[in-house]
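Q: Protein sequence lines correspond, in order, to chains Z and X. So in numbering that gives the first Met the number 0, spot 35 of the first sequence is number 34, and the numbers just go up one at a time. So in numbering that gives the first Met the number 0, spot 597 of the second sequence is number 596, and the numbers just go up one at a time.
Quick caveat, the hints were computed from the structure, so don't treat them as lab data. Quick caveat: nothing in here was measured; it's all calculated off a predicted structure. Check the hints yourself; a few may be wrong.
The list that follows gives simulated cross-link-like pairs (lysine-lysine, PhoX-like), each with its CA atoms no further than 25 angstroms apart [to be verified]: (1) Z:K70 to Z:K82; (2) X:K78 to Z:K317; (3) Z:K340 to X:K78; (4) Z:K417 to X:K980; (5) X:K322 to Z:K271; (6) Z:K368 to X:K974; (7) Z:K345 to X:K71; (8) X:K142 to X:K153; (9) X:K142 to Z:K271; (10) X:K106 to X:K980; (11) X:K969 to Z:K271; (12) X:K980 to Z:K320; (13) X:K974 to Z:K417; (14) Z:K307 to X:K71; (15) Z:K336 to X:K980; (16) Z:K329 to X:K78; (17) X:K153 to Z:K320.
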Amino acid sequence: MCCSFAQLCLKGTLIFKLISVSESIKPMFRRISQVITLVIALFAFNLSAIAAPDGKAIFQSNCAACHNPIKDATGPALQGVDKRAPSKEWIYKWIHNSSAVIASGDKYANDLYNKWGKTNMTAFPNLSTEEIDAVIKYVDDFKAPSATPAAGASTAAAEPQKDNSWLYTVITVILLALAGILWRVNSGLRRVANEKDNVPNEKEIPFWRNKVVIAMVAILLFILTGYWIVNGAINMGRQQNYQPEQPIFYSHKVHAGINQVNCLYCHAGAEKSRQAMIPSSNVCMNCHKQINEYTGEAEHPLYTAEGKKVDGTAEIQKLYKYAGWDPVAKQYIRDEKGNIKATPIKWTKIHNLPDHVYFNHSQHVAVGKVQCQRCHGPIQEMDEVYQFAPLSMGWCINCHRQTQVQFTNNNYYSIFEKYHEELKSGKRTGVTVDDIGGTECQRCHY
Amino acid sequence: MSQKQYWKGLEELHNTDAHKEVVDNEFKEQLPFDVSDSLLEATTPRRDFLKYLGFSTVAATLAASCEMPVRKAIPYAIKPEEIVPGVPNYYASTFVDGGEYCAVVIKTRDGRPIKLEGNERSSITQGSTSARVQAAVLNLYDKARLRQPYAEGKEATFEAIDRRVKEALSSSGQPAYILTSSILSPTTKDVIAQFIAKYPTAKHVVYDPISYSGMLLANEASYGKRALPSYHFDKAQTIVSLGADFLGTWLSPIEFSKQYSQGRKVSAKNMNMSKHYQVEANHTISGAAADHRATCKPSEMGAIAVALYNAVANGTAPALSSKNLNDLVTKAAADLKKGNGIVVSGSNDVNIQTVVNAINSAIGANGTTINWAVNSNYKQGIDADMVALTEAMNAGQVGALFIQDVNPVYDFYNGKKFAEGLAKVPVTVSFADRMDETAQKCKFVVPDHNFLESWGDAEPKTGYYSLMQPGIAPLFKTRAFQDSLLTWAGATTSYGDYWKQYWMTKLGGQENFDKALQDGVVEPAGAMPMGGGSFTGNVAGAIANIQAKKAPGGMELVVYEKVSIGRGGVWSNNPWLQEMPDPITKATWDNYACVSPKKAKELDAELTSITEVVNKKRVIKVKANGYEVMLPVVVVPGMHNDVVAVALGYGRDAKVGRAAASGTDKFGKEIGGKNAYPFVSYNGQTVDYSAAVVIEKTENKYEVAITQTHHSYEGRAIIHEYTLDEFKKDPNHLRKERGEEMEHYSHLAWAHKPGEHAEPTEKNEAEVMVTPEMEKGFRENGTLYPNYEHPGIHWGMSIDLSTCIGCGACVIACQAENNVSVVGKTHVLKSQEMHWLRIDRYFSGMPDDPDTIQTVFQPMLCQHCDNAPCENVCPVSATNHSSEGINQMAYNRCIGTKYCANNCPYKVRHFNWMDWNGADCFDDNLYEDGRRDDMNDDLTRMVLNPDVTVRSRGVMEKCSFCVQRLQDAKLIAKKEGRPLKDGEARTACQQACASDCIIFGNVNDPNSAIAKVRNDEQKERVFYVLEQIHTLPNINYLSKVRNSDMVVAGDAKLDEMMNEHI
């Protein structure tokens, strides 16, 4: 008897242990899922990394606004350009300064110029020949994306996480039930033992009138409500996963994902200004003067978050209405003064920061070289945009604590002599945003 | 110097019981709602407590449960190429206000002007601004502006008015008159000429409410041209001003402040300093800056000019009414004779100006400090023309009258007669932007654009041009004045086209035109040509005329322009300017009768009575020139004992705007001051701004919101002042003083690592001077708190008390840049003004003797202490320190305990007692008092700087070193991948300052201007306010050096009083 009691006690602590352990299970599972994600992502990355590590990035930031690897856009499709152009040297010259090549009377160049509407290609004198080679390699190896590997990775990572939390709840409930049963068995057995030893049994009090239980429950409730209220208050005004319906079903997946339009082509402010800038409709019309129907229906049919089918072509027509474009006559509708009759599109704002927060896109994009996806999530996968990050202060601060600034690359930071010395002497491995004051109040609040 | 005692007001000097109480209670402010005193004594305090608890919980829940609103993000339909949302654009333009000129750069954000800065390409204003220029952007968003044209008080269209005006012009037998202020614009003059060509009987009359006719006529008599010369205060070694407030209001104060400061930048290396003599009746900022100041009655000014002339020309000893005047004239004459002198006079009397011209001619000023080769065009009005026009109107000889930029019904000496005449003119048109006093009496009102909406130009000096380009399309249905005239003259081109054509032709081609537009100014290359003039005036006649004039006995009145409000005009309705404390009186929102302390005693309005400390001031009746008004008395030390001074620009009609309106408000309180223009008189040749006056004491009282003794330092020494001689004798005096204070810390044994020296080197006590090592020792060892590191940038500011003239441009610049709230008179009365930057004004000397009063200005803002007392006491760490040396204030973290304000020795923190700007999420919570309410209007809110948080009720705020500008400058440098350049990051106050007294930069950079000032150029004059309490401010001041031999220490009685006070 004594032995079984001891065992029960042991089990009791075990249950407590289990309960306390279960608090740490969640992050553990998360870590596991993160590892899985990382492995898959690394795998996916490797696949493309073998192909063209730099080429893709260079292509997207410089060329993608006008070129697609496999489709004609503002400029011609680039796949196989090295085979059809006169020579590699010609391509370098052309990219460095196309107008000079045209001016030199080069026949191929002039034909190209005339064929593509007599518009000069922007010159990229800064691109090295290696970089251009990388771009050519990238476009040559490019395959039309069906379902990108990155998407697979994220869904694969998301599913086990859901299952785990459900499993964890079931286990907890079962364990709790088990604890209850064992507790009843324990007290029952003790009664029987007492009766046997002629020890008078205490009057049995039902557990809902047990003072210890009531006290425990009260404390638990207090803690839980407290947690709930505090959490609720902290989360007030936060809108993570906010995914409103927009006046035009504009799919970032179609534009940035499938068609590889560079983010900065439309959101030009991200490099220059506080605001990333929603493009005005005339920017849309740069491409949509030509593209007047959605042709991706087969590979990528469009659905709203609620699962309603969306007609891509009809959405383009909506744009024409806003932009003041007559799709039949293929020209702008103008008023008597010659102004285009365009009306602004009233998008619903998704990422809202409180008024007392100053956030500057250009600081992050141009100086910090932060990728858009870091805060906006897999935007190239979103048909309808939702708020990926919580945009909470903790989230900002965390990143500022962990992120290293471009300390040695940017001469601005040369004034931090002390840090440079420490880096040299090996005292310090890097300088985070936090180290240069990036978590101080008046970096964001003024 | 330390023996000198400074006081902000007489109550502080005399330290009355009432003042002590006010100082003691500085932070005991009443809750903004009524709580019964008996709350805790009540029989059921528990219930009351629960009531309040319940209310606040419900309120908090309601506020908290606000659902997140759905916000819209609306991009441009077609984005203009030059606009990047979120990035400001700058347009060079020109500020013109009735002949006052300033070249400016308009800062626009997303298409709306939010700030004006000086244009550094102009050789005339050189990037300087004034308080009014800084505040001008608010006028654009003035709610009182007219939104369409009016005919007979009813809304009308331009076409209808054009038709009727044209008909009247062609049918009337009487000539039409165009009445304008001084016009600087050459194209506008052309347009007027075109109009006159079309209607040959038409005439153009120029009228300046603040007249310079006396000067123009005297110059015509003396030099043969009715013009004003260019003044060069920067080249002057001796400056004598006879009643001209050339730093505040006279002619072109922005230009003169800049020039003046050149001669005032004294350092141990450059001991050369101009000497400034000032004679005046009231106390102006020029008088405060002067090295030697004397007061006189306004009627005596002629005699003084004559005495100075005689002293200069013949060496005659002066015999004036006071010893100090004689002294001043003798010394000034001696200095003037040394050459490089300049004499200016604020008088509008032809005779006085002729004598002044004679003096300038005698001392050889023409061609050295007064330039006749380049004329100033600021003022062109001749009083007699305006008087003749008024007569003609009354005689029915005027067919039509077009009134541009002037408001004679309000600001003409005989506004009543002008109004009567106006009724007799068949067609009257006003181009005013609001229903001002004259527009109300005109048949048609065709509102002109604001200058920020206009194309235009200016020729402030002959050959020096400045172009005006708009920063925004016209907000309302307004039309350029020039367009109206062109339409009525039957021209087919618009003014815009005409203007462009004019400049394209003049500049020769598109490229030059574009460059000129971008630069904002078109000026001849090289230094300004200098030229003299030969004086041919009749001095003897002028002197005879002056001597023939009988001086009235008894009290005299002067009406003067305030630095903030000026002539009135649209400025009266500018809440920023209304709330800007007057540099000398520190009063806001009103005008009043300034009298000397001695006179106040006679009026029974002195200390022990009701004037000081208590906001309620005794009201007196001021009678002059057959006009009388009741005005409260404000005691101003440094006023002549027999002079009353009343400011212009108040007493406006309700339709001028809510901030300007005078009369009684909805609570039955009297507001808005009184009109002082009817005190002006006409002497047959020019108008006169002074008069004999009778004042009578009444039993009425009136509250005046004065900030002078808010934020008391309770007698702690915070200013260091030297005469030039003292400074020359011992430039290191201040360093020694500071050294004595600090040496105890610099060689503490534990302050050094083992092996380093621990013993103080034996030195003569007197030779201990502050050194950088000593400062370092003091910084590290003077406190138990850890020392902050500044690994990258360490911001610092230096303010030169010698060059600061107290003009207040920085105050308004700060307000415009940082969305500082206007709180209204009621709250200024409660010391709750919000200005992040204030200018403390200290008097020293004997209050009863105005000639001994010396005045010092000290701009006071958050000192960004590296060991800040406010930071330690904040329970939520809402205010803390940055690694760049900024004392940061996180509004969203502040819970409003106000401990920080209590603990700030500089008293620079301001608490938002009310929802001034609609930043709360509660509706209908805005504070309204009737006069400041337009600040909350959606139109006016367009002036807010989108880079700065609009603070809501319940949070503390203070100077942030314009952190948004610093962050911006850093970001630009980072994007370009280079270190921050010195001078790239500038604070708003620094940029606005006309006299360059603020230097700002990175102290860690040894090549920065701020580091050089502190460690090299000005190290002898550097001091920190209240340095001894180890707050380690990041703002240093440079001691005031006055080129004066007069040491104004109080007499025995005064010293005793001051000792007692300390």
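Q: Which numbered hints turn out to be false for this structure?
A: 5, 9, 12, 15 and 17
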